[in-house]
Amino acid sequence: MSKRRILELYLNVAEFGPGLYGVEAAARRYFGKSAADLGPLEAAQLAASLPNPRSWHPGSPNRAY
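Every letter in the sequence shown is one number past the one before it in this note's numbering, and letter 24, counting from 1, is 24.
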């Protein structure tokens, strides 16, 4: 598989918040739009949540994590 395909598969199953799986679901939950319509800052916020999505995500009140 190509690196692009591996990344696509990962982003479709990764946890982006408590009980929230896949980048499409996360984009709709946190930004109210499709993942394809995210801007660079929104995409970066979702990517930044991947190391610990239960503690820090775009909907978290505490962004210190």
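Keep in mind the hints are simulated off the structure, nothing from the lab. Please note that a few of the clues may not be correct.
Under the rule of at most 20 Å between Cα atoms (straight-line distance), these lysine to any residue pairs were calculated in the SDA-like manner [unchecked claim]:
#	residue 1	residue 2
1	Lys33	Gly17
2	Lys33	Gln45
3	Lys33	Lys3
4	Lys3	Leu20
5	Lys3	Gly17
From a predicted model like this one, the values you see are computed outputs, not experimental measurements.
Exercise for review: Run the structure past the numbered hints and jot down the numbers of the failing ones, going up.
Suggested key: 3, 4, 5
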